[in-house]
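Novice: Take the sequence shown: its position 189, counting from 1, is numbered 209 in my numbering, and each next residue is one higher.
FYI, nobody ran anything at the bench for these hints, they're computed from the structure.
Any given hint might turn out to be false.
[Said to hold, decoys possible] Cross-link-like lysine-lysine pairs, in silico, DSBU-like; alpha carbons within 30 Å at most:
#  : residue 1 : residue 2
1  : 810       : 198
2  : 198       : 840
3  : 248       : 699
4  : 182       : 198
5  : 746       : 759
6  : 840       : 806
7  : 699       : 810
8  : 810       : 840
9  : 135       : 177
10 : 806       : 182
11 : 182       : 779
12 : 699       : 713
13 : 759       : 779
14 : 198       : 713
15 : 759       : 135
16 : 135       : 182
17 : 810       : 797
18 : 699       : 840
19 : 248       : 198
20 : 797       : 135
Note that the coordinates shown come from a computational prediction; the quantities given were computed from them, not determined experimentally.
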Amino acid sequence: MAALNDANNYMRLDTAFEFNIGAPILPDCVAAGRFLRSAAACEASVGVHTLAVRPPASAVSLAFGSSGQRVLLHNNNTNTAKAKRSAKRGEAQASTGATLGLENESAIQTLNFGKAPTVLAAGQLYEVGSTDIASTYDVLLFGASTSLLAYDVEQNKQLFYKDVEDGVQAVVCGAVMKPSGVSADLPPPPLAVVGGNCSIFGFDRFGSERYWTVTGDQVTAMALMPWKSASFSATAPLSLLVASDDFEVRVYDGEEAIATVHEVDRVKKLVPLWQPSRTPDAEAAADEGAGRYAYLLENGTIGVYERGERVWRVKGKSVPVSAAFCDVDGDGVAELVVGWSNGRVEVRTDRGGGGGGGLEKGGSVLFRDTYSSAVAAVLVEDYRQDGVPLPVICTVDGTVRGLTLLNTRKDEAAEVRQLQILESLVHEKQQLAAQLASLEEQLDRRAAGVQDTTMPDSGVEVRWFCSANPVTRQVEVLLELTGPAAKRGDLIVHSCLLRCDTWATAAEQDTVAFMNMEPRTSLLCSFAHPDDVALSVNASVAVGPPFSDRYQIHEVTVEVPRFVMYTLPTMSPPEQPRQRSGAPLTYKQPNGCVLLQWRELLRLDLIEAWIRQSFCVPLDVTLLDANTPTDGALRVELIHVRDGSSLGIEVRNAVSSGTTYNTMTLWSDHLAPCGAVIKAFVEDMGGGWVDGKADPVAVRCEMPLELERLRSIFARVDGLNEVRMKLTTDMADAATIVKTLLARAEDARLLGDMTSMKKSYVALYDVDQELIGENAKRINNYEELKLALKEVNTYIQQAAMVRIGPARAQLIASCRNALKENRVSSLLEIIRTGSE
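All chains should be modelled from the sequences, with the hints used to inform the complete structure.
Specialist: Now the structure itself:
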């Protein structure tokens, strides 16, 4: 390999094995599974359907999605069969986990399901500990554009086939929830989980739907892993990570979303550090893998999260395709192996210093090589069956390579780690030495009586204020210098650099510069903020005397609230240095509202503090209801500067409202902002809105405009379905005419009647053009239907977001039942009240 002579590589990797399947491989359409029974399982299952003792797992096979609607399986059967025959001659010991194979059996098996694959996955659909013969090997899950097929490779039969109108964009296999009524000591049944257009389905081994929930947009990637605790057992369900087109990664515990991470671009791949144990009776080793996963973005960013906190990230110039965690150097710490669209393969550190510390951060490159073809997939499997998992690199030209550490270098793994740590420490030493030299120089100048503007002055501080500008529809951050020197005009704010990770888009611009044209003690910075998410912006503020060429640098962290784009109708901050132009914003009382009711008294002081912090409400603006003389009610009226919509928040305790319930009311014409506010309220308050955690006893969504729009969507869906049925009938009739014309043309050819044959083919051409036009209509009909179903799923998700606690999952389940039975009125009532 070219990288063997690359002095920049800490690792020296060699090719452990290499073969070509003789066909192109579709990007990110490769699955590894144990699709065939092991030799021990075959011997133990002769004449029986169940096994008294579960045999060892079989060997790993690879499934590749290829062109021509093909799926190719590579299983190494030929080599395994030779090994077993050698063992009979006493030459070697055959592995009990070896896959059964015949001498003339090919290593490549071709499957054709009549559809182009969009995603492949493998997994076990039997419960852990099952003694059924089929539980000794995996099932191949074949995802097409609108269908899912579960295929038993061993018995060459279909387990189930499901039409999925929402599309199949991602598939994982595992236990995502425990059904009601199942004992806590029993393991949850695994499901084939499918992500589509704003919806997620889960099917058991019979093809029955056992799981359904909604997400924010079309699913792009999914992963299963333990999330909450490292003490994971085989009887506990896994958490489901779902990435979607709205740049968010949601974590589902069962059917309820428990966490959300917002990214700056579309997530292509989610890679959990945790891997399931191959030993069914043993608990999975998840001490270091719970909640830790890698992510790949379309803009070239890769990184690692530890639950909701980003550990590290780096950005490349190409597009990452696939990745996997693997302990490449055998030091007990997994590295991240990444494959890119330009053919580059990288091995990066995940944890600084390999777990023992020393390196400043993860993400450092240990090995890099570039192949002639783009990478299609990166897997980690024990494909040589020697007990050592290796990175398996698949490229689009059909080549599969396994990488391993060179034998001559295995003893040098510790030395490589120490070299990394040493380089990191040398870099840190150089930085500290430069800082020390600068301070010593400044002290020498001050001792000599020379004025040094770079020395910090006592009492000088940079303060910041956030607000939304309704004219430019941008966030404005006012940086203001305080202290005696600032009041005298001795110090000014010269310029500022704002840096934020979430600004790292495809343009690679995560830093924005601002400068004062005239000497001022304040500086106004503005930037676009298209999403209602909290930002942490690092500001480097240059402070010094007017017209100086040397400045002090003050590092300030600006915490931009989540709902900073909402403003008060008459809000004009006193610190604003310039007047804003444009029509004044007026609050218009919305027609809809979301009402939450509690029996417990609400802690108005904490809720008021949360409102001020989340919406940038100044302290001099009172939130007490002017119509209530006591402190039992809060009310605030807000306007969203992006679209001018109004949002009102009203919190009342029963002592002031005279009702039996304590209420929180959100006034809006749209359900989406109410859901976003309640979701943030729950995440930030953590149940602290009352003394002791308590969920609302009732939630009502009185949204007449939204419900009427949803009713019209269902009417549109019915119309689209009728059109689809008519188009299908017309195309079937046209297909019958095609068969007749073809037979007629062939008869005329045999009879030598060229005139009749020509007329038949002319008529056939006209029918063919008609079929092409009808097919275009069907495609447009399908796209419109998919868009309508996406809107329905979005409404259900928004209705679930305004619920708190178990009521959220209950609403999703009730909506799903109403959708399956096409009960539109019941669905609308469920969204409105939470029950039929």
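Novice: Would you mind marking each hint as holding or not holding in the structure?
Specialist: Status of the hints after comparison with the structure:
no.	hint	verdict
1	810 - 198	27 Å, holds
2	198 - 840	22 Å, holds
3	248 - 699	19 Å, holds
4	182 - 198	22 Å, holds
5	746 - 759	20 Å, holds
6	840 - 806	16 Å, holds
7	699 - 810	21 Å, holds
8	810 - 840	15 Å, holds
9	135 - 177	17 Å, holds
10	806 - 182	17 Å, holds
11	182 - 779	43 Å, violated
12	699 - 713	16 Å, holds
13	759 - 779	15 Å, holds
14	198 - 713	25 Å, holds
15	759 - 135	23 Å, holds
16	135 - 182	14 Å, holds
17	810 - 797	20 Å, holds
18	699 - 840	27 Å, holds
19	248 - 198	16 Å, holds
20	797 - 135	21 Å, holds
Hint compliance for this structure: hint 11 alone is broken.
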